[in-house]
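Q: Two chains, two separate frames, one set of hints: put the complex together.
Here's the letter readout for the chains.
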Amino acid sequence: MKAAVVVFPGSNCDRDLAVAFEQAGFDVSMVWHKDSVLPEGVDIVGVPGGFSYGDYLRCGAIAAQSPICQAVVEHANRGGYAMGVCNGFQILTETGVLPGALLRNAGLKYICRTVDLQIATADSVFTQGYAKGDTIGIPIAHHDGNYFADAETIAALKDQDRIAFTYAQNPNGSIDDIAGILSQNRRVLGMMPHPERAADEGHGGTDGTAVFRALAGIVATA
Amino acid sequence: MKARVHVMLKNGVLDPQGEAVRHALGALGFDKVEGVRQGKVIDLDLAEGASEADVTEMCEKLLANTVIESYSIEMQ
Chain C
101 MKAAVVVFPG SNCDRDLAVA FEQAGFDVSM VWHKDSVLPE GVDIVGVPGG
151 FSYGDYLRCG AIAAQSPICQ AVVEHANRGG YAMGVCNGFQ ILTETGVLPG
201 ALLRNAGLKY ICRTVDLQIA TADSVFTQGY AKGDTIGIPI AHHDGNYFAD
251 AETIAALKDQ DRIAFTYAQN PNGSIDDIAG ILSQNRRVLG MMPHPERAAD
301 EGHGGTDGTA VFRALAGIVA TA
Chain P
150 MKARVHVMLK NGVLDPQGEA VRHALGALGF DKVEGVRQGK VIDLDLAEGA
200 SEADVTEMCE KLLANTVIES YSIEMQ
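These protein sequence lines are chains C and P, in that order.
Residue numbers in the first sequence follow the working numbering, run continuously in steps of one, and reach 322 at the last position.
Residue numbers in the second sequence follow the working numbering, run continuously in steps of one, and reach 225 at the last position.
Calculated from the structure, these hints are not laboratory results.
Just so it is clear, CB atoms sit at the ideal spot from N, CA and C, and this is done for glycine as well.
Take every hint as true, because none was put in to throw you off.
Listed next, the stretches of chain C that the computed footprint assigns to chain P, with coverage defined by at least 3 CB atoms under 8 Å from CB atoms of chain P:
1) 155-161
2) 191-200
3) 204-213
So that you can see chain P by itself, here it is in the shape it has in the complex (with noise of 0.2 Å):
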């Protein structure tokens, strides 16, 4: 079983990796790029009878910091 965790900067939190990465992309002529954000992605095997709510816990607990990050669960 498995479970893929999407963590972002909260809409309003400035990401200054975002930004870098979309001037890089405007230097290589994409000019069609009007922002960027940047975050991760965290894959977990978990064990037979994992649940989202576990999941949840794990995010609020660590995977995420919620004061500036938001994050997304998708069951697998």
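This is chain C alone, in the form it adopts within the complex (with noise of 0.2 Å):
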């Protein structure tokens, strides 16, 4: 089982992301933003959170440009799995690999805590671990998260059952609650809130486990 795991200048979670990844038994390689191909075999790409490019123009857009932006999309398209966390969230959007977009947080401030995230559907191989309905603490810490997309496409969402985790108690404004949706196909997973962060005793919670754990069965089986 193979991941990789992109790093861009200003990324800062790409190490807690490959921990992670590692922990649940995977391969993980470091693909730096100016590689154009991801390695040979890799089994799930995670786009990591953090700043990349200092956030400038909007956050996630010049990372979506980057020469390994343009693998990972054909990754993508072509059916291969791939996780975007917070940053890696905005720029999944920016590549249009996911629908919607990151606003700027209602409240205008920058939100570093654990949140109740609750599991909209189980129906995927990064909810499985979970129950539709449980709720899990994870870290979130960001400033543009936000969730906006125009009506039509919330409805799309709704009706693909692709709403993977919604908030408790919504901390930032996104349309419907909305934490983390999935691609069409459901191999791709853009979440704001921190999973890899809540992922060892150590962090104080390891609720986040279940996503990479259940990804991990996945692959081998597949």
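A: Set out below in structure tokens:
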């Protein structure tokens, strides 16, 4: 099982994400933003949190144009697994792999705390380790996590059961409390909360480990 | 040759920064402000021969996120 974690200038959760994948049993390669190909045989690509390119222009906008992101888009278009956390979610929306956009938090403040998330669907490789309706505690740390998409897109996400996580108490103004969404083929996840920061007893919680374990289970049997 | 690109959040997209500016203006006693929308201005120095169509392509690909933003171009 191979995972690749992309590293941009300004990424700061890349190693956390790599450790979470490793603990679930993945061999992890770090991939630099200037690389134009992913390592051979990669099963899942992780796009980490942070402040790629200093959030210049828009969060994720410059990263989305980097050579490695073109490879990530091709990987996703071929049906490969990918997950973007926080800035990684912003980047995946900027590439168009996931719909919508992340706006400035409604309260304008950067928010860094553990929040309750509800599992909105267990029907994905990322969320099958939970049951629909479960509540888990996962940290958020963002200034631009206010999920926005037009009414048509939101309706499609609901109809297709593509909302993965919702906030129990909406911290940032996201439409319909959306914290994480899935691609149409359910193989790409974008989420603002950080499951990799709730993946070790030392973190103060391990509610995020089920994401990585479930992924490892699926990939191992594929 | 220059172009100026204005990027604004689309109507209907909440602009919390603009709202904060409106509140601050109100606090300063400017009580005739009914709304504030905040955007970006991007000035481009262009080589000879660049066209508005080129700038439009730049806006579509990078300068604006058309999911949430609209843009207008002034060729100067």
